[in-house]
Each structure stands twice: as C-alpha cells, then as structure tokens.
Amino acid sequence: MPRPPDQATLERLKQITGPAGWSDDPDTLAPHLVEWRSRYQGKTPLLLKPANTAEVAEIVRVCAAAEVGIVPQGGNTGLVGAQIPRASGHEVLVNLSRINRVRSVDPSNNTLIAEAGCVLAAVQQAAAEHDRLFPLSLAAEGSCQIGGNLSANAGGIHVLRYGNSRDLVLGLEVVTAEGEIWDGLRGLRKDNTGYDLKQLYIGAEGTLGIITAAVLKLFPRHRQVETAFVAVPSPEAVLDLLSLAREVSGDGGVLAFEMISRFALDLVVKHVAGSIDPLATRSPWYVLCDLTVARATAETFMTQALDHGLIADAALAGSAAQAAALWKLRESISEAQKREGGSIKNDVSVPVSHIPDFIRQALAAVTKLVPGIRPVPFGHVGDGNLHFNFSQPAGMDQDAYLARWEEVSRVVHAIVVAHGGSISAEHGIGVAKREEARRYKSAVELDLMRRIKQAFDPKGIMNPGKGII
Amino acid sequence: MKILVPCKRVPNPDLKLKVANGSVDLAGTTWQVNPFDEYAVEAALRLTEKGKGGERVGEVVVVSIGPKDTSAQLKQLLAMGANRAILVAGDDSALDSDLVARILRAVVAAEKPDLVITGKQAVDGDDNQVGQILAASLGWPQATFLASILLAADGKSATVTREVDAGVEERRVRLPAIMTVDLRIIGKKAVRNEALAPATAEWEDTQRLASLKGIMAAKKKELREITVESLGVAGGILVKTLRHEAPPARKAGVKVASVEELVAKLHNEAKVI
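Quick mapping for you: the protein sequence lines, in order, are chains U and C.
Under numbering that gives the first Met the number 0, the first residue of the first sequence is numbered 0, with each subsequent residue one higher.
Under numbering that gives the first Met the number 0, the first residue of the second sequence is numbered 0, with each subsequent residue one higher.
Among the hints, a few may not be true.
To be verified - Partial list, derived from the structure: chain U residues whose beta carbon lies under 7 Å from chain C:
hint, residue
1, A125
2, A313
3, G317
4, S318
5, A319
6, G394
7, M395
8, V430
Claimed, not checked - PhoX-like cross-link-like pairs, simulated, lysine-lysine; straight-line CA separation at most 25 Å:
hint, chain 1, residue 1, chain 2, residue 2
9, C, K188, U, K327
10, U, K13, C, K15
11, C, K111, C, K239
12, C, K270, C, K219
13, U, K327, C, K1
14, C, K219, C, K187
15, C, K67, C, K188
16, C, K218, U, K327
17, C, K51, U, K269
18, C, K17, C, K220
19, C, K270, C, K1
20, C, K49, C, K239
21, C, K188, U, K269
22, C, K270, C, K51
23, C, K270, C, K49
24, U, K337, U, K327
25, C, K239, U, K269
26, U, K327, C, K15
27, C, K219, C, K239
28, C, K67, C, K239
29, U, K327, C, K51
30, C, K254, C, K239
I should point out that these hints are in silico values taken from the structure, not numbers from a laboratory.
Idealized CB from N, CA, C, for every residue including glycine.
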C-alpha cells in the first residue's frame with residue numbers, strides 16, 4: 000500500500016525537475032485536480048511537470064523507494080477520473096505536458112514518434128505536414144494528449160476503419176513502476192519476439208507504468224471525403240443504412256458513422272451558438288457519416304437509401320467548411336448537454352446487430368426508473384459504441400438527479416451485459432466504473448489481471464485506486 | 000427576375016498546397032466552389048424566394064469556366080437550388096481576370112439576366128477584379144463587397160450596403176447591375192426581394208446544404224457545356240503568371256531571460272528600436 004510522502008521525499012522530487020517543473024501553489028494546481036465536468040475532485044501535495052523521460056524515471060525511482068503513489072496525467076480530458084489524484088492527498092501528480100515533442104516522422108515507414116505530452120491535434124498536424132494521416136480523432140483532440148489517449152485506449156470517430164488507439168501503436172517508451180526506462184520504440188509491423196508488452200501498458204490507465212513516447216502508425220491522407228447528414232426513422236434503419244453504405248462504398252469506404260438522437264440535436268441547436276439544424280425534415284434519429292468515395296457514389300448511396308425507405312431526408316456537405324459545420328454538431332453534444340443541467344453518462348458497447356434491441360429495452364427501463372428523464376443517446380454506432388446519456392428531468396434538482404447515477408447505470412449495464420456488451424467501451428474504468436467493471440468480470444479474468452498488476456507494479460504505487468484492479 | 004451567378008472552382012482551402020519548381024502542385028487536391036461564390040448563389044436564391052423554404056419565383060443560372068470535372072461543383076449548386084448551369088470549357092492556366100470578364104460578358108449577352116451576382120474574389124488567386132471589369136465592359140452599375148441586398152418591389156433597383164473602413168455605406172443601384180458579395184451577405188436578413196418576401200422573412204445565417212431532394216432534382220436540371228469559341232471570344236490574356244513561390248519558412252523564435260536581453264536583441268539584431 001502506498002504511503003503519504005514525507006517532506007524529504009517531496010524535496011527530492013522538486014530537485015529532480017527544478018523550479019520550472021513543480022508546483023504546490025493551490026491556484027496552479029486547481030485546474031489539474033478537477034475533471035472538466037467537475038465530477039472528480041482530488042488533492043495532491045505536489046504537481047510535477049518533468050521535462051524529459053529521464054526525469055520521469057527519476058521521479059518514479061524516488062517514489063518507489065518511498066512507496067509514494069503516482070498519478071500520471073496528460074491533457075486532463077478523461078471522463079472517468081483516472082487522471083485525478085484521490086482525495087486523501089497522498090499521491091503526487093505527474094503531468095506529462097512538457098514532454099511534448101514529435102521526435103521524428105518516417106513517411107516511408109508510415110510512422111511517427113510522439114512524446115506522451117503531444118496534443119493529439121499536433122500529432123495529426125505533424126502527420127499532415129508529411130502528407131500522411133494519423134487517424135485517431137475525437138472531440139477533445141485539441142487538448143487531449145497522446146500519452147493519455149494510449150493509456151485510456153481512446154476510441155473516437157474513426158475506430159470503424161482504423162481501430163482504437165491500441166491498433167495505432169507499433170512501439171512504446173515506458174517508465175516502469177520501478178523507475179526503469181523501457182525503450183520499446185520499434186516501428187515494426189511484424190515482430191513476434193515474445194509477449195506484446197506494449198499492449199499491457201495501453202489501456203492500463205497508468206496503473207502499470209508511465210508511457211513517455213510512442214511509435215504511431217500513419218496512413219495515406221484521404222483524397223476525398225464526402226460528409227452526409229441523414230434523417231433516419233429508426234435504429235433498425237440505421238443498421239441497414241450502415242450495411243448499404245459499406246456495400247456502396249466498397250471496402251473501408253465508411254470512415255465514420257455516427258448516430259444522433261433528435262433530442263441530442265435539439266440540445267446542440269439550443270445551446271451552441273451558430274448551430275443549425277441541417278435538414279428541413281424532423282426525424283427521431285440522424286446519422287452523420289464520412290465516406291471516402293467520389294461524390295457521385297455518395298449521391299448514389301443516398302438515393303438508394305431513400306428508395307429502400309431507410310432515410311427520410313439527407314444533406315451532403317459541399318465543402319470542407321460545411322463538413323466541419325456538420326461535425327461540429329456531433330462534437331458539441333457533450334457541451335450542450337452540460338448546459339442543459341445534470342447528465343448521467345454511460346459509455347457502452349454492444350454487438351452492432353444488438354443496437355436496436357438494446358436501445359429499446361434500455362430506454363424503457365430507464366424511463367420507468369426515473370420518470371421524465373430525457374435520453375440523449377448518440378455515438379459511434381458503426382463500432383457498436385453508444386454514449387447512452389440522460390439529461391435530468393426538466394426542473395429537477397441537479398444534485399438529486401446526479402445522486403441516482405449509480406442506479407441508472409446499474410440498470411443500463413445489466414441490459415448491456417445481457418446483450419454481450421461492455422460497460423466501458425472507450426472511456427476506461429478510472430474510478431467511475433471500478434466496482435461495476437469488477438461485478439461483470441469472471442474470477443479467472445480478474446485473477447490474471449491482479450497477477451499482471453502485481454508483476455508490473457509490486458509496490459502498488461502506480462495510479463492507486465484506479466482501474467479494475 | 001433572372002440572376003446570373005458566375006462561380007469559380009478553387010482548390011480546397013484547408014489543404015496545404017505544395018509549391019515546387021515555380022508552380023503549385025494541384026495533383027492531389029480536392030476542389031470546391033469558391034466560398035464567396037457559394038454565398039453569391041445563396042443570395043441569388045434568396046432573391047427569388049418568398050422567404051425561407053418558400054415558393055421560388057425567377058431563375059438562377061450559375062456559370063463557371065473550367066475543365067470538364069467542374070461539372071461536379073456546378074451540380075452541387077444545382078442541388079442547392081440553382082435552375083440551370085453553364086460550363087464554359089477553359090483552363091485556369093490560360094485565363095486571367097480580363098479574359099474571364101470577357102467570357103462572362105458574352106454569357107451575359109446571351110442570357111440577358113436582370114442581375115449578376117458573384118463573390119467579391121476567388122480564394123485561390125485573390126485577384127478581386129472580375130466583377131469590376133465585367134461591370135465596366137458592360138457599362139452596367141457595379142456594387143461591390145456587399146453585406147446586404149434589398150431588391151425593390153418593382154425590380155428596377157436595389158438598395159445595398161457595403162462595409163467600408165469608415166462604417167457601412169448604403170447605396171441604391173439601378174438594374175441590371177453587377178454585384179459582388181462579401182461574407183455578411185448570408186446574414187439572416189441580409190438579402191430580400193421586396194416583391195416576394197415580407198420584411199419579417201428570415202433565413203439561416205449560412206448557405207444552404209445540398210439536400211437529398213435537391214440532389215435528385217439536380218439530376219434533371221440542364222447543365223450546358225459550351226466553348227469559349229462558341230461565345231465568339233478570342234482567347235488572349237493580359238496577365239501571365241511567371242512563377243509561384245512559397246513564402247520563406249519562418250525562423251524559430253528564441254526565449255529571452257530578461258527585459259534587458261529583449262531590448263538588446265531588438266536593438267542589435269532585429270534593429271527595430
């Protein structure tokens with residue numbers, strides 16, 4: 000069990016980074032200690048911002064010797080509280096934002112080496128400068144950092160085609176829980192030389208070690224992307240539309256396929272300046288999709304969909320600016336929901352084929368549990384991941400509503416599991432889903448995970464109290 | 000009311016262009032309608048509408064000069080609601096503002112519109128000349144950089160505003176006229192035809208998207224391809240582009256430790272104080 004740090008340990012840690020790399024000033028600390036929706040609030044005696052991997056290693060060595068807990072943090076955009084130290088105030092916070100160089104780009108190998116503190120948008124930009132694509136893309140891309148993305152195994156809108164963060168990494172540089180540096184920065188697509196250690200660190204939420212750099216996969220840039228916003232009568236039609244999109248656009252032609260409920264769109268139009276309902280037709284469901292096809296193909300897709308009765312109306316973006324405006328609607332949902340009062344969020348996945356049944360059953364169960372609750376379901380339906388969110392009933396006290404979070408989630412999760420789904424699709428476990436995740440894992444699986452944790456972090460200092468173990 | 004809207008296709012402004020050997024490499028680019036011209040189409044459509052989503056009276060004809068695949072951009076404008084499209088075969092490298100204006104003059108002579116509306120400039124060349132040259136050569140009034148257009152009920156004049164350095168200038172122009180539009184022209188109440196739409200009429204403050212209905216309808220609309228020769232225009236240009244060069248890359252900045260050092264650097268190295 001980690002212990003509270005004594006003054007001598009804190010002083011040693013400060014010496015490692017020097018004055019530019021630490022702070023215990025409450026005002027400086029404040030933004031690092033609260034999650035952006037203010038759902039998780041923590042305490043720390045010391046914020047460290049090391050300048051390089053060697054400093055991170057030294058920090059971990061000192062903490063390991065003193066058995067002091069460490070919370071690694073990137074852009075602090077996580078949604079499950081993994082990046083926030085616990086309220087005990089015994090853990091030091093290690094923020095990676097100063098370790099933020101793109102070390103190199105190898106266009107021929109289609110790889111890029113980025114340090115943990117690189118903002119995702121900067122990685123995308125570095126790839127674009129070499130006429131390449133780094134496909135990880137999510138709403139927080141302007142602030143989230145690659146180290147956090149990997150530690151959370153972030154998903155985003157392009158999972159459908161390119162996979163999760165996990166699938167975009169060829170190698171890692173990691174500071175282990177004992178303060179050694181593992182240089183696993185290999186840019187290989189084939190490497191069958193033992194256990195795939197990097198995959199253990201990815202998605203571990205900083206509980207096994209600290210990722211300091213990664214070799215990321217690059218792809219050819221999209222030459223043409225057509226963006227369509229489509230009115231769809233039902234979740235069943237959404238699935239048929241996805242099949243049709245795949246059929247018409249050929250292998251890999253569907254880049255993103257997002258489902259948006261009418262109420263989610265209404266919230267965005269109401270709360271986010273400059274948002275406009277793109278269609279004249281009101282519909283219970285909408286799909287926003289990106290297809291890497293010629294415009295004529297996109298038009299064929301939409302006319303066929305109309306002929307099949309899968310869609311009621313649609314609009315096609317005519318320029319990059321119009322496409323960006325359509326995507327802004329999708330990316331503003333969380334923000335709009337925040338302004339509508341309290342929201343209870345579930346990040347779940349089910350097999351794509353189960354989505355319509357899941358939605359129907361879960362909506363019925365939750366509306367029965369909390370009368371007047373306003374469902375805001377949306378998400379990456381193409382990969383089975385729904386953000387199954389609920390805004391509070393109009394006029395209800397926000398705290399009273401949020402107090403029912405566990406209860407609502409329990410009901411949703413039971414239905415998710417009944418459909419063979421996951422209760423945490425892309426946001427991770429953090430502190431938010433610790434208990435819930437354990438509830439649904441088998442004893443064998445939990446035991447294997449416990450043994451991994453024990454082997455990688457014998458003193459239990461890495462992000463204590465977070466993740467499933 | 001018949002409105003002619005000249006539109007240019009431009010490379011996607013969000014892509015980073017590659018400049019090599021004195022020219023811009025457009026091989027990998029995607030194309031789109033010049034945003035200012037798209038706004039001109041939106042303005043023209045509003046001038047023929049009885050309010051947002053209302054019945055349309057009048058005709059909007061879009062015209063572009065470009066290679067054959069410019070038809071993709073014209074189809075998109077037809078899907079937005081334009082009635083007809085004309086594509087004059089041409090190639091950017093063999094065009095200048097003067098020739099474009101002369102070609103458009105011939106199109107105006109053939110189409111006899113009541114009004115020509117176009118973007119204030121194209122975002123690729125940024126020349127900002129075609130509207131003005133066209134007006135001068137036709138001897139028509141010109142109203143440039145417009146932020147609003149109010150078409151009089153009798154269809155014989157329009158009251159327009161344009162943003163100038165000192166504020167907003169309001170003018171009345173006789174029709175037929177040439178108008179070029181600026182960004183604010185897509186404001187909710189920026190454009191209205193008094194003969195059709197009530198003073199309360201309001202549109203979205205953006206240009207409309209191509210709806211599915213529009214896309215289907217566009218398939219049946221006329222897109223006529225013609226040549227410069229058929230218009231009786233000779234092909235000479237006045238301005239020849241010699242070469243393109245990318246601006247020199249900016250040098251990395253340095254961090255200074257003190258005000259003294261900053262002042263010393265500004266004085267000794269930058270020589271600005």
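The hints, checked one at a time:
Given the 7 Å rule on beta carbons, the hint for A125 of chain U is violated: about 12 Å separates it from the nearest Cβ of chain C. Interface restraint check for A313 of chain U: the shortest CB-CB distance to chain C comes to about 4 Å, inside 7 Å, so the restraint holds. Interface hint status for G317 of chain U: upheld, as the beta-carbon distance to the closest one in chain C is roughly 5 Å, under 7 Å. Look at S318 of chain U: its Cβ gets to within about 4 Å of chain C, closer than 7 Å, so that hint holds up.
Using the Cβ-Cβ criterion of 7 Å, the hint placing A319 of chain U at the interface with chain C is satisfied: the shortest such distance is roughly 4 Å. Restraint check, G394 of chain U versus chain C: the minimum CB separation of about 31 Å is more than 7 Å; hint violated. Checking M395 of chain U against chain C: minimum C-beta separation of about 33 Å lies over 7 Å; hint violated. A cut of 7 Å between beta carbons decides the hint on V430 of chain U: the least distance to chain C is about 39 Å, and the hint is violated.
For the given pair, K188 of chain C sits about 24 Å from K327 of chain U by alpha-carbon distance, which is consistent with the 25 Å threshold. Taking the CA atoms of K13 of chain U and K15 of chain C, the gap is near 43 Å; set against the 25 Å cutoff, the hint is violated. At most 25 Å may separate the alpha-carbon atoms for a hinted pair to count; K111 of chain C and K239 of chain C exceed this at roughly 31 Å. Simply put, K270 of chain C and K219 of chain C have alpha-carbon atoms about 65 Å apart, too far for the 25 Å limit, and the pair is violated.
A distance of roughly 36 Å separates the Cα atoms of K327 of chain U and K1 of chain C; the hinted pair therefore is violated under the 25 Å criterion. For the proposed pair K219 of chain C and K187 of chain C, the alpha carbon gap of about 30 Å is over 25 Å, so the pair is violated. A C-alpha spacing of about 36 Å is found between K67 of chain C and K188 of chain C, which places the hinted pair above 25 Å, so the restraint is violated. With a C-alpha separation of about 29 Å, the suggested pair K218 of chain C and K327 of chain U falls outside the 25 Å cut-off, and the hint is violated.
Of the pairs offered as hints, the one joining K51 of chain C and K269 of chain U holds, with about 20 Å between alpha carbons and a cut-off of 25 Å not exceeded. For the hint pairing K17 of chain C with K220 of chain C, the CA-to-CA distance comes to about 36 Å; that exceeds 25 Å, so the pair is violated. Between K270 of chain C and K1 of chain C the alpha-carbon distance is near 59 Å, which puts this suggested pair outside the 25 Å criterion. At roughly 45 Å between alpha-carbon atoms, K49 of chain C and K239 of chain C are farther apart than 25 Å, so this suggested pair is violated.
Proximity of K188 of chain C to K269 of chain U is assessed by CA-CA distance (about 20 Å); at most 25 Å being required, the pair is judged to hold. With a C-alpha separation of about 58 Å, the suggested pairing of K270 of chain C with K51 of chain C is violated against the 25 Å cut-off. Among the hinted pairs, K270 of chain C with K49 of chain C is inconsistent with the structure: their alpha-carbon atoms are about 62 Å apart, more than 25 Å. Simply put, K337 of chain U and K327 of chain U have alpha-carbon atoms about 16 Å apart, close enough for the 25 Å limit, and the pair holds.
Distance restraint check for K239 of chain C and K269 of chain U: the Cα-Cα separation of roughly 51 Å exceeds the 25 Å cut-off, and the hinted pair is therefore not satisfied. The hinted pair formed by K327 of chain U and K15 of chain C meets the criterion: a straight-line CA distance of about 22 Å does not exceed 25 Å. Restraint check for K219 of chain C and K239 of chain C: the C-alpha separation of about 39 Å exceeds 25 Å, so the hint is violated. With a C-alpha separation of about 23 Å, the suggested pairing of K67 of chain C with K239 of chain C holds against the 25 Å cut-off.
The hinted pair formed by K327 of chain U and K51 of chain C meets the criterion: a straight-line CA distance of about 23 Å does not exceed 25 Å. Between K254 of chain C and K239 of chain C the alpha-carbon distance is near 44 Å, which puts this suggested pair outside the 25 Å criterion.
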